[in-house]
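Residue numbers (my numbering), protein chains in the order written: chain F, 1 to 590; chain S, 1 to 465.
Because the hints were derived from the structure by calculation, they are not lab data.
Quick caveat, the model's predicted, so the values are computed rather than measured.
There may be inaccurate statements among the hints.
Taking lysine-lysine and the DSS-like style, the derived pairs with C-alpha atoms no more than 30 Å apart in a straight line are [claimed, not checked]:
{"id": "1", "chain 1": "F", "residue 1": "Lys-408", "chain 2": "F", "residue 2": "Lys-499"}
{"id": "2", "chain 1": "F", "residue 1": "Lys-558", "chain 2": "S", "residue 2": "Lys-362"}
{"id": "3", "chain 1": "F", "residue 1": "Lys-551", "chain 2": "S", "residue 2": "Lys-461"}
{"id": "4", "chain 1": "F", "residue 1": "Lys-44", "chain 2": "S", "residue 2": "Lys-29"}
{"id": "5", "chain 1": "S", "residue 1": "Lys-461", "chain 2": "F", "residue 2": "Lys-573"}
Which bits of chain S does chain F cover? Going by a derived footprint, with three or more residues having C-beta under 8 Å, they are [stated by the list, open to error]:
{"id": "6", "region": "33–45"}
{"id": "7", "region": "123–136"}
For glycine and all other residues, C-beta sits at the position ideal for the given N, C-alpha and C.
Okay, here's what each chain looks like letter by letter:
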Amino acid sequence: MNDRIIGRVKRVNGPVIEVMGITDAEMFELVRVGDANLIGELVKLEAEAAVVQVYEDTTGIAPLDPVYGAGMQLSVELGPGMIGNIYDGIQRPLEAIRDIAGIYIRKGIDIPSLNKTKRWHFVPSAKPGDNVTGGMILGAVQETENVLHKILVPPGEKGMLESVAPEGDYTVEDVIAVLKGDDSQTKDLLLMHRWPIRLQRPTRKRLPPDIPLITGQRVIDTLFPIAKGSTVSIPGGFGTGKTMTQQAVAKWCDADLIVYIGCGERGNEITEVLAEFPELIDPRTGRSLMERTILIANTSNMPVSAREASIYTGITMAEYFRDQGYHVAVMADSTSRWAEALRELSGRMEEMPAEEGFPAYLPTRIAEFYERAGSMETLSGNAGSVTIIGAVSPPGGDFSEPVTQHTKRFIRCFWALDRNLANARHYPAISWLDSYSEYLDDISMWWDQQTGPQWRSDRTEIMELLHKEVRLQQVVKLVGPDALPDTQRFILEVCTLFKNAFLQQNAYDKIDMFSTVQKQAKMLHIIVTYWQRGAEAIKRGVTLVKLRKMKVYQDIIKMKFTVANDDLSELDKIQGRLERAMDQMEALHA
Amino acid sequence: MPENNRQLLAGREYIGVDKIDGPLIFVSKTHPVGYRELIECVDKQGNVRLGIVLESSTNIVVVQVFEGTTGLTLPDTRIRFSGKPLTIPVSREMLGRVFDGLGHPTDGGPIQRSDVELDVNGVAINPTSRQYPRDFIQTGISVIDGMNTLIRGQKLPIFSGNGLPHNTLAAQIARQAKIRGSDTEFAVVFAAMGVKHDVARFFIQSFEDSGVLENVALFLSLADDPSIERLITPRTALTLAEHLAFAEDMHVLVIMTDMTNYCESLREISTIRGEIPSRKGYPGYLYSDLAELYERSGMIKGRKGSITLLPILTMPNDDISHPVPDLSGYITEGQIVFEREMDGRGIYPPIAGLPSLSRLMKDGIGEGMTREDHPHLASQLFAAYSYVKDVRNLASVIGEEELTPMDHSYLEFGREFEQKFVSQRNDEDRSIEQTLDIGWEVLKALPSEELHRLTDEEIEKFYGK
Ligand SMILES: Nc1ncnc2c1ncn2[C@@H]1O[C@H](COP(=O)(O)OP(=O)(O)O)[C@@H](O)[C@H]1O
Ligand SMILES: [Mg+2]
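Sequences and hints are given; from them, build the entire structure.
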């Protein structure tokens with residue numbers, strides 16, 4: 001496939017190569033450059049000045065080096081063998097590369113993305129004679145204990161199945177069905193198919209995002225919840241907790257599959273996931289978390305153009321599993337590094353910059369990316385979803401910069417990380433004032449069914465208090481806390497309690513690291529009860545000190561650590577003790 | 001161009017160049033020259049300077065000369081292309097020696113020979129071959145060990161400002177750093193970029209005083225050396241470090257100072273080339289470029305050695321949001337931030353409690369590593385100290401008298417914390433137990449009910465003891 005020379009190198013400028021003498025190359029064609037066989041993509045077509053974006057270090061590439069065309073677009077291989085695997089930005093398997101090349105990533109290594117010799121047990125569900133169209137299910141492979149990998153007719157194909165392979169063990173390149181198109185041409189369908197990464201996979205229609213994606217993180221699920229199929233942005237300066245939050249969500253959310261994209265971030269963070277995920281047990285399935293995770297790692301020191309490609313590689317894999325009827329959550333850490341890669345490449349192509357050196361098409365690209373998320377009816381008529389949670393790393397932590405601002409236009413949930421909270425080690429440092437979720441109304445019905453209507457009213461109540469607190473704090477800053485009446489100081493106290501006992505969540509604590517919705521709802525209700533009954537008591541003349549000295553107060557502060565998800569009766573007891581203590585206090589002041 | 005053909009052409013010399021602009025030389029009508037290829041530039045007197053190819057095309061090649069272009073002329077400058085990237089020979093014998101930024105000895109000793117020649121640009125480590133760093137390094141400095149713990153294989157920069165004691169701290173860390181119960185050999189690789197002679201001398205003296213100079217390799221590209229040499233200095237230093245760590249099984253501490261000077265040289269080149277700048281004139285690829293350096297630290301599965309990286313950078317105008325500290329902070333595994341105000345109050349080390357962070361701390365502390373109370377104690381100290389800052393702000397508006405009794409306790413805690421916990425002598429080497437005990441001692445200023453981040457058992461066992 002590598003012998004068709006489509007041109008020769010004219011100029012090398014980092015990862016951007018100009019090519020002259022173009023023959024029959026196609027736009028976005030996958031190419032190989034030089035004798036080192038570096039992978040690249042043709043991003044601009046012009047006879048004597050075409051541009052190739054190279055996905056590997058171009059050291060040593062010289063003018064007149066040949067450029068070979070592969071005759072296809074930059075694509076990913078979709079089929080059994082992806083789960084639990086780790087790939088670079090253009091789907092090269094990093095573990096296999098390590099086995100061949102050792103500790104460093106050598107250039108020009110040609111390794112298939114999917115293992116081509118491993119056999120998978122395929123069970124057909126379609127039969128010869130069936131009329132099928134793209135996206136329909138031909139059969140399935142039990143890839144991991146929990147993931148039944150459905151084998152699809154590649155989108156775009158259509159026709160009658162001439163034959164279907166019997167149940168048995170096949171490699172990804174074996175033919176499992178033969179399709180006869182309307183033009184009577186036959187086509188072999190394999191266990192795998194390819195899909196160009198920059199092309200959204202088709203679906204039938206969008207569905208309303210009304211099922212929450214439960215993350216187990218209280219500030220998220222209770223204050224700024226998301227739905228399956230959401231678009232979420234999580235911006236924050238360095239060290240404010242973007243990665244930790246995404247990892248926590250990747251670990252505990254109730255998606256069927258996670259695609260975790262380390263885009264231009266640290267190598268050690270990937271290593272950490274690789275070390276930790278296999279050991280962690282998914283509470284819903286009882287299996288290792290790695291059995292539902294695909295990792296894409298294009299770390300900050302790996303080639304910048306592959307960083308640009310990495311998020312498309314990731315989202316395409318996510319769409320492929322969505323098309324099988326799964327709920328997939330994509331973590332992209334960080335989309336700013338992707339945008340910067342875009343900027344660097346654009347700069348080297350000498351395009352006109354818009355804001356801060358970013359190309360004018362930045363907003364379009366961001367929009368296209370987030371548009372690939374959603375809750376969908378698949379081509380086979382099932383429901384599936386892709387949720388995108390994208391970190392944004394604003395320079396100087398300043399949210400007015402282009403990537404944060406443009407992203408905000410295309411997402412519906414914003415978890416703003418706050419430097420002051422992070423400095424005080426209030427984690428997750430998600431600001432309750434700057435964050436928002438537009439999914440609240442969509443998913444409230446679900447919560448009603450799970451925990452009763454109280455959840456919504458408790459939540460509203462606490463959000464009101466948090467906003468009142470801001471105004472009161474401004475007063476305190478001018479005149480000191482003593483100037484406030486007890487009723488108002490109590491608001492400050494309750495907010496402090498809520499922040500300490502509820503919003504803060506320690507990602508390293510065995511019990512605290514995730515909370516079920518039931519635990520969250522009960523904890524919330526305890527604190528709201530403390531507020532409501534306490535406010536009553538103060539009106540009757542009970543002092544603040546008395547309220548704080550109540551024995552149950554200490555239980556409330558520590559309940560997140562002491563009450564395990566599988567033993568919530570303890571929370572009912574705290575609720576009971578609280579109410580009795582309040583009854584007594586009121587009786588004394590009747 | 002087939003490989004062998006290029007080898008033949010390599011070594012060909014071109015007499016006369018088209019244009020010289022700052023450290024850049026433009027040569028036309030060459031054979032096809034490889035991107036990032038090493039070149040030799042020979043001046044009228046026959047002196048050789050090294051450089052690399054920044055851009056190659058059919059009509060012009062752009063070359064960057066590390067030793068600067070002073071004294072070069074258009075007709076007499078000769079350029080030789082080598083056909084390979086810039087490499088340096090590396091070996092253990094380089095310890096105890098002094099080199100310039102390109103790895104040439106400057107101490108009058110013999111030119112190093114080695115069978116191992118490595119590309120100074122390094123190659124990206126495959127994330128699957130990394131070993132996640134977990135081993136606690138005791139630096140003997142409480143605010144680091146207790147609250148911003150350094151881990152072996154970590155990259156932890158010092159964000160400082162002009163005139164602040166970052167060199168003293170880096171030297172103290174280099175002197176005191178130890179891993180309990182570990183006997184693997186250690187080495188220090190020191191890279192100086194654009195700093196003054198005094199700074200280099202200070203470090204050399206400090207290594208000598210502690211008797212480790214023969215374990216130290218110094219790469220010096222000082223303030224009066226060509227600024228462009230700074231771009232290669234950290235790369236040569238890290239290339240040696242990689243060899244020592246991953247081929248010779250040594251634990252290597254790399255100190256690089258001052259990264260701000262490095263970034264300025266990068267900006268200089270970028271400006272001359274007319275590239276589109278991002279913030280403050282720095283090139284858009286500053287992040288990737290810094291990452292190429294910082295990411296060379298770490299540990300590798302199956303190898304005994306490690307590279308711990310301690311870059312020092314001065315924040316222009318003490319501004320942590322300046323691109324150099326900002327981008328560094330995004331790449332490194334935390335940061336030790338200096339505060340001028342603390343320095344002014346005579347506190348050493350003047351490490352700001354709140355903005356400092358060690359991202360790797362979490363997996364290296366606690367039971368079996370430091371002490372079981374460490375994680376919660378650190379978290380409690382952070383929380384309380386952060387409240388101290390709020391109270392101080394409040395007090396400055398309404399006056400201390402108006403504060404509640406509880407707020408007064410916090411002010412007391414703040415004083416104790418800064419005086420007893422943070423503050424220490426620059427030759428004081430505290431054990432981790434001492435550090436944690438002092439932490440508990442300063443917490444005594446607060447009633448136990450305020451200590452929400454600690455468990456009842458921990459309070460029972462350590463509080464007020
Ligand atoms: N939920 C959390 N629980 C405990 N620690 C956290 C949490 N979130 C962040 N941290 C701390 O903050 C540090 C920085 O977080 P990280 O996610 O790496 O920041 P970012 O990706 O925004 O740079 C972590 O190393 C950890 O120490
Ligand atoms: Mg991060």
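Structure-based check of all given hints:
Between Lys-408/F and Lys-499/F the CA atoms are separated by roughly 26 Å; this keeps the pair inside 30 Å, and the hint holds. This hinted pair checks out: Lys-558/F and Lys-362/S have alpha carbons roughly 21 Å apart, not beyond 30 Å. With a C-alpha separation of about 21 Å, the suggested pairing of Lys-551/F with Lys-461/S holds against the 30 Å cut-off. A threshold of 30 Å between alpha carbons decides the hint, and for Lys-44/F with Lys-29/S the separation of about 26 Å falls inside it, so the pair holds.
Proximity of Lys-461/S to Lys-573/F is assessed by CA-CA distance (about 28 Å); at most 30 Å being required, the pair is judged to hold. Using a Cβ-Cβ cut-off of 8 Å, 5 residues of the region 33–45 of chain S lie near chain F, which meets the minimum of three, so the contact claim holds. Given a C-beta distance limit of less than 8 Å, the hint that chain F covers the region 123–136 of chain S holds, as 11 residues qualify and 3 suffice.
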